[in-house]
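Work the whole structure out from these sequences, hints included.
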Amino acid sequence: MKTKRIFNNAATYLALILLAAAFLAPVFIVVMNSFKGNFYISDEPFTVPKGETFVGTENYVKGFTQSDFLQAFINSALITVLSVACIVLLTAMAAWYIVRVRNRFTRLLYYLFTFSMIVPFQMVMYTMTYLAFELELSSIPGIVFIYLGFGSGLSVFMFSGFIKSIPAELEEAAVIDGCDPIRAFFMIIFPILRPTAITVAILNAMWVWNDYLLPYLVLGSGKKRTLPVAVQMALTGGYGNKDMGALMAMLVLAIVPIIVFYLFCQKYIIKGVVAGAVKG
Amino acid sequence: MQKSLKKYFPVFVLPVLAAFAVSFIVPFVTGVYLSFTHFKTVDSSEWVGLANYIGIITEDETFLPSLALTLRFTIVSIVTVNVLAFALALLLTRKLKGTNFFRTVFFMPNLIGGIVLGHIWSLIINGVLGFFGVDITYDPNYGFWGLVFVMNWQMIGYMMIIYIAGLQNIPDHINEAAAIDGASPARKLFGITIPMVMPSVTICTFLTLTNSFKLFDQNLALNGKAADTSLLALDIYKTFYDHTGLRLAEWHGIGQAKAVIFFLLVAAIAFIQLRATGGREVEN
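Sequence lines, in order, name chains A and B.
Residue numbers for the first sequence follow this note's numbering, so the first one is 1 and each next one is one higher.
Residue numbers for the second sequence follow this note's numbering, so the first one is 1 and each next one is one higher.
It is worth saying that the hints were derived from the structure and are not from the lab.
Cβ coordinates follow ideal geometry from the N, Cα and C atoms, glycine included.
Treat the hints with care, as some may be off.
Unchecked claim - Covered by chain A, according to a simulated footprint, are these stretches of chain B (three or more residues, beta-carbon under 8 Å):
no., region
1, 6-13
2, 86-96
3, 133-145
4, 225-231
5, 259-266
To be verified - Within a straight-line C-alpha distance of at most 20 Å, the following computed SDA-like cross-link-like pairs (lysine to any residue) qualify:
no., chain 1, residue 1, chain 2, residue 2
6, A, K267, B, K238
7, B, K6, A, D177
8, B, K238, A, Y216
9, A, K50, B, G127
Dropping the structure here:
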């Protein structure tokens with residue numbers, strides 16, 4: 001009986017190790033190729049760089065200098081941080097108002113926000129892009145405003161769900177003591193919303209950082225482009241020879257921040273992403 | 001509270017509402033309207049009634065094949081992702097040491113964005129096909145199975161987490177009682193484990209369903225250049241942006257009509273999901 005269990009455990013571990021290797025292989029292959037010379041990447045993508053195929057950090061240097069990668073990286077980081085900050089703070093405020101002030105209008109708003117979660121982006125793609133240009137929103141503050149609008153559906157929905165479970169007596173006591181609603185929100189409500197705020201922040205951060213189509217349509221592929229747009233442009237845009245080496249380096253540099261972020265707040269990320277399963 | 005809070009509408013709701021109106025409400029309403037018109041740009045539309053919706057069938061040659069491809073892709077993804085994710089969840093709930101490490105590894109691809117993910121796989125798939133002297137655009141089937149691979153790599157870890165939560169909710173005594181009664185491992189799996197995780201199965205099925213149905217970034221990155229492996233979202237995008245010339249207004253109309261149909265399909269899925277899960281998720 002005992003030997004059978006040891007055998008079973010060993011088989012399970014073996015299966016898990018093989019599967020883990022298979023899951024990591026794609027990332028590993030890209031990292032490997034990022035150290036290879038241009039010509040050898042598309043020709044022999046599965047060999048380890050050595051001797052003449054090994055070029056050291058040359059690809060990374062090119063990736064940074066040639067394609068304005070750093071600019072795209074800064075744009076992406078700025079847009080993600082600002083959008084997430086705006087979404088978390090402002091949708092929490094809106095959700096509190098919608099839950100606490102009960103009338104026909106707030107009910108309608110709640111349904112509209114919920115409804116927007118099931119509408120695929122392609123439905124509003126063309127008209128939203130037009131409106132963004134008409135209102136001159138093709139700038140970093142402009143796209144942050146647009147992200148606030150697109151992120152509000154899920155975020156208001158999630159905050160509302162949590163606020164409904166907080167007894168209103170708490171705030172009422174504060175107001176009787178002479179606290180105005182803005183202070184009551186920041187001193188009492190917002191701290192209580194912390195767990196939901198973390199979930200909302202993570203979900204939106206992953207979405208904004210990785211989003212391609214919206215920033216491509218609104219900001220274009222010029223100076224204001226984001227990281228996914230830069231990657232897509234480098235790999236498909238333009239004519240003539242593509243610099244595969246620089247592209248591999250860009251892919252690696254695009255993944256690294258996510259992995260680091262993941263390893264540091266893994267617990268929150270897994271919890272948050274799964275809680276966001278409601279998003280249709 | 002209600003009274004004093006009410007006048008603070010401009011502070012609490014207005015910023016979000018303004019952004020929401022600009023990015024969603026106005027574009028959505030104009031989008032529905034424009035699907036009944038021909039328009040070169042949004043401000044120059046001409047009412048044509050249902051012509052665009054008829055045009056999808058008569059003029060356009062890509063919508064129905066792309067719908068069929070999307071359905072096939074969705075079904076294959078649902079089956080493969082869920083079976084593999086469930087198998088992984090079973091392996092990781094056997095109370096072994098070090099399962100956290102494996103959980104971390106399997107979940108990781110889910111965080112990588114679709115564009116980057118698609119290009120990683122494009123390198124690998126084209127590298128393999130390169131041995132045979134072809135690439136992914138050579139045969140639509142290569143593009144199709146490439147997408148299935150990408151989808152599996154990205155979604156398995158996510159679904160696995162949901163299945164693990166479901167499996168951990170099964171009380172130990174049920175399995176112990178079955179073991180005392182002499183149930184075989186297969187019997188326990190089909191008689192106890194699977195029925196007990198049915199709620200997770202429902203959630204995961206619908207999650208894979210909507211994610212496969214709406215797939216865009218991975219499709220664009222992996223096989224954006226191949227005409228015959230566009231799923232619905234990419235087909236709509238191409239209808240809008242790949243046409244030029246005299247009939248542009250007409251193609252914009254057809255693209256918008258496709259988008260409305262796409263929206264109705266996604267909404268129908270969401271509605272069925274709501275019924276199937278009894279609104280449980282919406283409540284919490």
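A quick look at each hint next to the structure:
1. 6-13: holds (count 6)
2. 86-96: holds (count 5)
3. 133-145: Coverage by chain A is violated for the region 133-145 of chain B (0 residues, Cβ < 8 Å).
4. 225-231: Answer violated; 1 residues pass the 8 Å Cβ test.
5. 259-266: It holds: at least three residues are needed, and the region 259-266 of chain B offers 5 whose Cβ sits within less than 8 Å of chain A.
6. K267(A) / K238(B): This hinted pair is violated, its Cα atoms lying about 39 Å apart.
7. K6(B) / D177(A): 18 Å, holds
8. K238(B) / Y216(A): 14 Å, holds
9. K50(A) / G127(B): This hinted pair holds, its Cα atoms lying about 19 Å apart.
Violation of the numbered hints given earlier is confined to hints 3, 4, 6; the remaining hints are satisfied by the structure.
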